[in-house]
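**Q** Sequence:
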Amino acid sequence: MGEKITVPLTKLIEDFKLEVVYEPNNLADILITSTDVNRPGIQLAAGYFDYFDNTRIQILGKVEHSFLENLSASERFVAFDNMLSYGIPAVIITRGLPVYEELMDAAKRRGIPVLRTQDSTSYFMAALIASLNTLLAPCVTRHGVLVEVYGEGVLLLGESGVGKSETAVELVKRGHRLVADDAVDIRRVSAKTLVGSAPEIIRHFIELRGVGIIDVKKIFGVGSVKDTEKIDLIIHLENWQQGKQYERLGLKEEYTNILGINIPSIVVPVRPGRNLAIIVEIAAMNNRQKKMGYNAAEELNERLIKQMSQFSSSDLV
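Residue numbering for the sequence shown follows our numbering, starting at 1 and increasing by one per position.
Check before you lean on any hint, since a few could be wrong.
Stated by the list, open to error - Okay, the calculated beta carbon distance ranges per label pair:
id	residue 1	residue 2	range
1	Asn25	Asp53	22 to 28 Å
2	Ser122	Asn262	51 to 57 Å
3	Gly87	Ala127	22 to 28 Å
4	Gln242	Arg174	27 to 33 Å
5	Lys291	Gly111	48 to 54 Å
6	Leu31	Asp182	50 to 56 Å
Claimed, not checked - Below are the DSSO-like pairs computed for lysine-lysine, each with C-alpha atoms no more than 30 Å apart in a straight line:
id	residue 1	residue 2
7	Lys244	Lys226
8	Lys192	Lys226
9	Lys306	Lys290
10	Lys173	Lys217
11	Lys226	Lys4
12	Lys11	Lys173
13	Lys291	Lys11
14	Lys192	Lys230
15	Lys17	Lys230
16	Lys244	Lys291
These are calculated hints, taken from the structure and not from any lab test.
Glycine included, C-beta positions come from ideal geometry on N, C-alpha and C.
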């Protein structure tokens, strides 16, 4: 079983520029494991903690703040202390609302961090959940190259030396964008979506045999790179094998499974004289066209069937 994915609470504090209202001694050790967050209305109002998930960050917005304002100080302390006794990772107050002293007292007693943002509750929750879905997504690293071609994320796979990096450079020269070279971190951010990125240390770099390491962002400009991209198509590059039957019509759909998601894939044989960059461009546009409901191979097949049926009908006359 794989290692559980976590994200430090301090990273969220840094990313969202959260104000640390109360910082316990173990703040640097607190890890977030859930992609969900919770607004503890019923917990604070009725003390109902059945099915309460204590791994979630708790969000206090204007509604919760207004309700708590109608309670006495002792009632507020009991409500906060009960919730914090479950060992939640953090409490975040939105809209820059004032922090109740009773919350501070309970937080100090239980060692739970209290944070604050100026953002509205709905906006902040949406942004936080989106960030957690990415940071906590199942991840795998593949040897390959990821490029954005005409808005399609194309993952180039193949053995070392087959020409993946050279193809990527040619695509960048033609106006497309590099996401990752050599190592691609792939995350499953939803049930149907894979997103690829480059490890931080090699981001925007390409290794070209005989030339060395080049910085694509420096050479071609900021418009030539992208940090992340959804993976729409996988192209397997392989050296041309004499006698092997390669797909010529494209009627049969092939898929490659990564992290439980099937991604459309094709095999492109590599031999001297083939312009791989143009082939990748055509493959990307063709894949986009298929998603829009048009399949050229099926159209040709239907025309052939229609013509053959017409010939058969004329023979019977």
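**Q** All hints are to be evaluated individually against the structure, with a verdict given for each.
**A** Quick rundown of the hints versus the structure:
no. : hint                         : in the structure
1   : Asn25 to Asp53: 22 to 28 Å   : holds, 25 Å
2   : Ser122 to Asn262: 51 to 57 Å : violated, 34 Å
3   : Gly87 to Ala127: 22 to 28 Å  : holds, 25 Å
4   : Gln242 to Arg174: 27 to 33 Å : holds, 30 Å
5   : Lys291 to Gly111: 48 to 54 Å : holds, 50 Å
6   : Leu31 to Asp182: 50 to 56 Å  : violated, 29 Å
7   : Lys244 to Lys226             : violated, 36 Å
8   : Lys192 to Lys226             : holds, 21 Å
9   : Lys306 to Lys290             : holds, 22 Å
10  : Lys173 to Lys217             : holds, 12 Å
11  : Lys226 to Lys4               : holds, 28 Å
12  : Lys11 to Lys173              : violated, 36 Å
13  : Lys291 to Lys11              : violated, 37 Å
14  : Lys192 to Lys230             : holds, 10 Å
15  : Lys17 to Lys230              : holds, 27 Å
16  : Lys244 to Lys291             : holds, 29 Å
The structure is inconsistent with the numbered hints 2, 6, 7, 12, 13, although it conforms to all the rest.
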